[in-house]
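Trainee: When the letters of the sequence shown are read in order and numbered with the numbering used here, they come out as residues -12 to 560.
Treat the hints as calculated values from the structure; they're not laboratory data.
Positions of the beta carbon are idealized from the N, C-alpha and C atoms, including for glycine.
Certain hints may be false.
Stated by the list, open to error - Straight-line alpha carbon distances no greater than 25 angstroms define the calculated DSS-like cross-link-like pairs of lysine-lysine that follow: (1) K21 <-> K62; (2) K21 <-> K41; (3) K123 <-> K21; (4) K123 <-> K62.
Unchecked claim - Listed next, with one range per pair, are the computed distances between beta-carbon atoms: (5) F172 <-> K99: 23 to 33 angstroms; (6) E426 <-> K200: 19 to 29 angstroms; (7) P240 <-> P422: 42 to 52 angstroms; (8) N467 <-> F172: 12 to 22 angstroms; (9) I42 <-> R299: 23 to 33 angstroms; (10) K200 <-> P47: 53 to 63 angstroms; (11) D191 <-> D304: 30 to 40 angstroms; (12) T164 <-> R299: 28 to 38 angstroms; (13) G340 <-> P422: 30 to 40 angstroms; (14) T384 <-> R94: 46 to 56 angstroms; (15) Q251 <-> G479: 50 to 60 angstroms.
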Amino acid sequence: MSQTFLLEPDIIAAAENVMPDLNNDLVKAKNFLKQQSAATGDSLYDHLVDVVHKILSQKPSDVVDNFEQYSWEVKQEKFRPNFDLLHDIYLSPLQLSAVQRLNGMFRLVASKLNKMENLGEEEQELDLEEDSVKPKIADLIDHNYYFREGGYGLPQSECYAVYIALNMLAIKEPVATVRFFGKIFGTKANYYIAETDLTIDELDRRIREFELKDVPGEGDSLEEARVLEAEEQKELMGEGEEREEKSKEPVPPKLPPLPVSMWQPPPLIPVERPGQGVNKKVYWVCHLPGEPWICLPDVTPEQIRVARQIVRVMTGDLDAEVLSFPPFNGTERNFLRAQIARIASATSISPQGFYTYGSGEEEEDIDMEEGGGDMDFNPNPFYQGHTIKDLLDPNLTYWVHHGRHILKQGRTLWWNPNAETEEDVEEEEDEGPPPIEPEIGPPLFSPLSEDVRVEGLPAWSPRISTNLVPDRALAVLRSNIWPGAVAYATNGKKSECLYVGWGIKFRPPNFSPLQLPRPQEEYVVGPEVMEMADPTFADEEAYRIAHLPPVPPPLLGEGDGEDFGEEEEEEDD
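Please model the complete structure; the sequences and the hints are all you need to start from.
Mentor: Next up, the structure:
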């Protein structure tokens, strides 16, 4: 018993040494992790602290999968110099700006809807009366579903955001109808395009501004330049005469008058007023859904004429300069508007009978001298649709154009350049220039079968969305002239057009820019203008000999004596 009692303290001490101590173990583990590397001087403990700090500050969703990448990034940051000012700056993720932009757009539309729901009974009655005045927004989500059935259209997330952006446009701007026209790609940014009709008050305001606006044309500027040049010449001549009188020097020989150019610029084709022709619709663009919509200016005939002769890809900057030959008068916003007018005129198609004349008049009743008229058309309430078989007919006789044809002048309504001259001739009752025949384009609702073929192919290619489920099939037409333009139609009462592309027309041969024109004869050819060759030495010598003074005739007495003496000398010999 005594031996056992003597060994108990040793056993207790040994047991106390074996029992785990959490604080002691943590200190030992921390000291182990703080051991510095002989190569870099860093410790694992400091490295883990930096990695955990980086993960907690950024809070990534996939930290387990990318833990090694975070560890490597922390090691790379230590190689940066201490004076790097961007080392501790927080950079917001790229998705944050997109979320803030869309959130502002969603809040605006939601506030408008909540305001309508919180109206009283009287206000709701007034609001119901104003329903006819509210903008009519085309259901892009419904139309995009059918486009996607045919293999085209926008992604669902993008389509929903664009549809909300159209609602935002209807809230902020004075528009009566809103429709998604399409999307045009750019090298730096893309353009989402909305086609609208203005309200009556806004349209009247723009028409008044158009009538009051006095925009000098190219011919006016040239005439003003000529007048200023003539005045400057007169002033110079007057100053020269004064100097001559003061100096009292001999008058120099009178020089021939300077030649005057007889060239006159062609008459400037007037722009169609807002709400008419190519400016019938108003187009708005934005780069991303949620950004403010920008209204494009009205297009001019000169811009359409030049846009037909050049090929240019959009950049995404509305203020970018358009460098081309012939020179384009305007920036990219004007060129984009001209391309939209061309695309809308050529690719706005619908099934036959889908639209009807708004005024109930036939096109032959309109005065053809005014270019065939600018009639309105509305959806036909009595349209019952066509069968898919008829819509897929290769002849395309069941499809028509409802876009207004743009003439070579750059207008939909023909303008007579000799209208003023013919009026003056009628007043003076004299013979004047022969009348010009008005240019007439295809009539409204002309069938697609009359379109020009491209490289042996028809202008439009029809296809069916599915052959497996005929009841849900629809007809889709794709343009071969404007790649990216499509249209669909069901066997019911639904049809729509859409353009998603680069805004470039198809050209069968390789595009070659327009060559510079040959120099024209600016002045009348005459001795005052013609360039003469420099005379040679032989010519100068012949001219000198020909202009020598004549030899004086000899005297009579001297001449007789000399002759007589010579005769005597001859006889002596």
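Trainee: Checked against the structure, which of the hints given earlier come out wrong?
Mentor: Those not satisfied are hints 3, 4 and 9.
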